[in-house]
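**Q** Based on the hints, put chain B in the right spot on chain A.
Residue numbers (this note's numbering), protein chains in the order written: chain A, 6 to 309; chain B, 6 to 309.
Hints are computed from structural coordinates only; laboratory data are not their basis. Since the structure is predicted, the reported quantities are computational estimates derived from the model, not experimental observations. Think of the CB as a built atom: it goes at the ideal place given N, C-alpha and C, for glycine as much as any other residue. Be a bit skeptical, because a hint or two may be false.
Which chain B residues stay away from chain A? Per the calculated CB distances, all over 12 Å, these [to be verified]:
#1 Asp29
#2 Leu81
#3 Arg190
#4 Gln226
#5 Gln282
#6 Asp289
Estimated spans, in silico, between C-beta atoms of each pair [as the list claims (entries may be wrong)]:
#7 A:Gln149 <-> B:Thr26: 32 to 38 Å
#8 A:Arg271 <-> B:Glu23: 27 to 33 Å
#9 B:Glu23 <-> A:Asp184: 44 to 50 Å
#10 A:Gly44 <-> B:Pro76: 58 to 64 Å
#11 B:Val38 <-> A:Glu180: 15 to 21 Å
#12 A:Leu108 <-> B:Phe73: 34 to 40 Å
#13 A:Gln149 <-> B:Asn78: 48 to 54 Å
#14 B:Thr189 <-> A:Leu108: 37 to 43 Å
There are 2 protein chains.
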Amino acid sequence: MLDQVQSRRPALGQALAETATAIDRLFDRTLAVPRDSRGRLVEAMRYAAIGGGKRLRPLLVLASGALFGVPRNHLLRAGMAVECIHVHSLIHDDLPCMDDDALRRGRPTVHIAYDEAVAVLAGDAFLALAFETLASPSTHPDAQVRSHLVLALARRSGAAGMAGGQMLDLAAEAEAELDLDAVTRLQRLKTGALIRWSVGAGAILGDAPADAIASLMAYAQCLGLAFQIADDLIDAAGDESCAGKRLRKDGDRGKKTFVGLLGIDRARDRAERLADQAEDHLRDFGPAADLLRDIARFAVERDR
Amino acid sequence: MLDQVQSRRPALGQALAETATAIDRLFDRTLAVPRDSRGRLVEAMRYAAIGGGKRLRPLLVLASGALFGVPRNHLLRAGMAVECIHVHSLIHDDLPCMDDDALRRGRPTVHIAYDEAVAVLAGDAFLALAFETLASPSTHPDAQVRSHLVLALARRSGAAGMAGGQMLDLAAEAEAELDLDAVTRLQRLKTGALIRWSVGAGAILGDAPADAIASLMAYAQCLGLAFQIADDLIDAAGDESCAGKRLRKDGDRGKKTFVGLLGIDRARDRAERLADQAEDHLRDFGPAADLLRDIARFAVERDR
Numbered sequence: 006m007l008d009q010v011q012s013r014r015p016a017l018g019q020a021l022a023e024t025a026t027a028i029d030r031l032f033d034r035t036l037a038v039p040r041d042s043r044g045r046l047v048e049a050m051r052y053a054a055i056g057g058g059k060r061l062r063p064l065l066v067l068a069s070g071a072l073f074g075v076p077r078n079h080l081l082r083a084g085m086a087v088e089c090i091h092v093h094s095l096i097h098d099d100l101p102c103m104d105d106d107a108l109r110r111g112r113p114t115v116h117i118a119y120d121e122a123v124a125v126l127a128g129d130a131f132l133a134l135a136f137e138t139l140a141s142p143s144t145h146p147d148a149q150v151r152s153h154l155v156l157a158l159a160r161r162s163g164a165a166g167m168a169g170g171q172m173l174d175l176a177a178e179a180e181a182e183l184d185l186d187a188v189t190r191l192q193r194l195k196t197g198a199l200i201r202w203s204v205g206a207g208a209i210l211g212d213a214p215a216d217a218i219a220s221l222m223a224y225a226q227c228l229g230l231a232f233q234i235a236d237d238l239i240d241a242a243g244d245e246s247c248a249g250k251r252l253r254k255d256g257d258r259g260k261k262t263f264v265g266l267l268g269i270d271r272a273r274d275r276a277e278r279l280a281d282q283a284e285d286h287l288r289d290f291g292p293a294a295d296l297l298r299d300i301a302r303f304a305v306e307r308d309r
Numbered sequence: 006m007l008d009q010v011q012s013r014r015p016a017l018g019q020a021l022a023e024t025a026t027a028i029d030r031l032f033d034r035t036l037a038v039p040r041d042s043r044g045r046l047v048e049a050m051r052y053a054a055i056g057g058g059k060r061l062r063p064l065l066v067l068a069s070g071a072l073f074g075v076p077r078n079h080l081l082r083a084g085m086a087v088e089c090i091h092v093h094s095l096i097h098d099d100l101p102c103m104d105d106d107a108l109r110r111g112r113p114t115v116h117i118a119y120d121e122a123v124a125v126l127a128g129d130a131f132l133a134l135a136f137e138t139l140a141s142p143s144t145h146p147d148a149q150v151r152s153h154l155v156l157a158l159a160r161r162s163g164a165a166g167m168a169g170g171q172m173l174d175l176a177a178e179a180e181a182e183l184d185l186d187a188v189t190r191l192q193r194l195k196t197g198a199l200i201r202w203s204v205g206a207g208a209i210l211g212d213a214p215a216d217a218i219a220s221l222m223a224y225a226q227c228l229g230l231a232f233q234i235a236d237d238l239i240d241a242a243g244d245e246s247c248a249g250k251r252l253r254k255d256g257d258r259g260k261k262t263f264v265g266l267l268g269i270d271r272a273r274d275r276a277e278r279l280a281d282q283a284e285d286h287l288r289d290f291g292p293a294a295d296l297l298r299d300i301a302r303f304a305v306e307r308d309r
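Pulled out of the complex, with its shape left as it was, chain A reads as follows:
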């Protein structure tokens, strides 16, 4: 996938590649394997976190923080924190009692490669690591900023955010009727919450003015939804070997998705329009926000 991005959008391709390398290195340094039975837990965490992720959320933190001159090492730590929450959710969502997936990023999922107990604990430990990372003075010298980041990420990870979204998603399989509003709300919690946090984190770290934050949050809102519709399109019409995970599972389970409700063409139109809107919200930032613009376009180009 990265090859494809690099040929179409070289600046974004390079930024994604550099972010992936930097985040891998940070995980590598953070996840030192202890010499006792905990070794297996930390190895499972390394297996889940290092290599293979798109690192879209950390890139959003970097791209947003760059608008306000935030030092790169602070942005990378906040990026690793949100990636911890993302990896946590992938590990737990793949469990047999949840989505029961055996493949992720082209490799066996954590509970297959290790076992279920290790997968539950590894997911838990990533949640804790996210907040440990944010609360550490290495992430920002001002405790007010750190505390703000923790509060926002905790809200967006729990019952009022991502975990709540996954609950709605599990319930959606059983529900006969789920309209566009309900699917939109579900995805806003399940995937949108972390995308909004990532864009907001750069602004919080950079002590951005209120109007800049409002524009960025409006951008993130559109981006999150565009990104999810593109994900649904990949699930409905994508190539399994490219995606590195089982596809067509939404339809098989009768899960309501944007594609299921709108059809492929209208879903694609909707995603394009959301990417346009996302770009519109960046108009006051000038060329400094080109990377964020590229990300919005990339989000909806991924499925082709």
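**A** For chain B alone, coordinates are given in the frame of chain A:
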């Protein structure tokens, strides 16, 4: 159990009862049930968190913070945060892939009363709620204090703390030889970490001087170990209907415990000695620390 405490140690009995009521009320206010499919998730969280817990960790926060004149509402919020982590660990440890327990506090465990997916998500949401609670300005006006509390609790919940301890515990079932040092290290992570945080949190919230913190942490270290040995004694020799959970499971699984390694009499002696040492560390605090002393005695009296 509370009746027994109240007759032997009336002040502690009253403190436990008051803390339980206050923590129940705080959970009740915090866990408002949404009117959509997330309702089931939040109901499961209420089921796990409200009613029935000893609230020993919140009481430790209260008793330690009282030494430094910390307002009670701040202490209760920190107490709820550590109780969130505790409840999180109980829900996940009870899962079929972990300890596979069907009974907890005399009631079906969360994955039995609801289902496994809800249990995984409820545990996750409690982890997030703990950090949301600590990072909120209602817990303390100084962000430095909030950030410190988050950092310490995150470290003690993850791979280097409680989750790591549970991993050691799962591995211990398979290991032929586990000596006293190894069992001590395991329990220091698995149960000691949260007890140390609880005692430390009162001191952090009260901006306590370094020597007071050192004494309290030494107290907490002894208390945590005494508490765990008493737990092992209850498992080996206690009454199932009093404990409200399945007992005798450690021996059945060949798990190495203090009782298994020392025998009942020597384990009880060891616990008593640790409670004495815990009390010794409180000598500079005078009668203000009587509640902490009572807790140390209570920890080792529980099994009789």
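**Q** State for each hint whether it applies.
**A** Against the structure, the hints come out as follows:
1. The claim that B:Asp29 is not at the interface with chain A holds, since no C-beta of that chain comes within 12 Å of its own (minimum 18 Å).
2. With a minimum CB-CB distance of about 18 Å to chain A, B:Leu81 clears the 12 Å threshold, and the non-interface call stands.
3. Annotated as non-interface, B:Arg190 brings its C-beta within 12 Å of a C-beta of chain A; the closest such distance is 8 Å.
4. No Cβ of chain A approaches the Cβ of B:Gln226 within 12 Å, the least distance being about 20 Å, so the stated non-interface status holds.
5. Here B:Gln282 stays apart from chain A, with its beta-carbon at least about 26 Å from theirs, past the 12 Å limit.
6. No Cβ of chain A approaches the Cβ of B:Asp289 within 12 Å, the least distance being about 30 Å, so the stated non-interface status holds.
7. Take A:Gln149 and B:Thr26: their Cβ atoms lie about 34 Å apart, and the range 32 to 38 Å holds.
8. Under the hint 27 to 33 Å, the C-beta atoms of A:Arg271 and B:Glu23, about 59 Å apart, miss the expected range.
9. Under the hint 44 to 50 Å, the C-beta atoms of B:Glu23 and A:Asp184, about 48 Å apart, fit the expected range.
10. Separated by about 43 Å at the C-beta atoms, A:Gly44 and B:Pro76 break the suggested range of 58 to 64 Å.
11. At roughly 18 Å, the beta carbons of B:Val38 and A:Glu180 sit within the given window of 15 to 21 Å.
12. Restraint check, A:Leu108 to B:Phe73: a C-beta distance of roughly 53 Å breaks the suggested window 34 to 40 Å.
13. Our hint of 48 to 54 Å for A:Gln149 and B:Asn78 is violated, since their Cβ atoms are close to 21 Å apart.
14. Between B:Thr189 and A:Leu108 the Cβ separation comes to about 41 Å, which falls inside the hinted range of 37 to 43 Å.
Hint compliance for this structure: hints 3, 8, 10, 12 and 13 are broken, all remaining hints hold.
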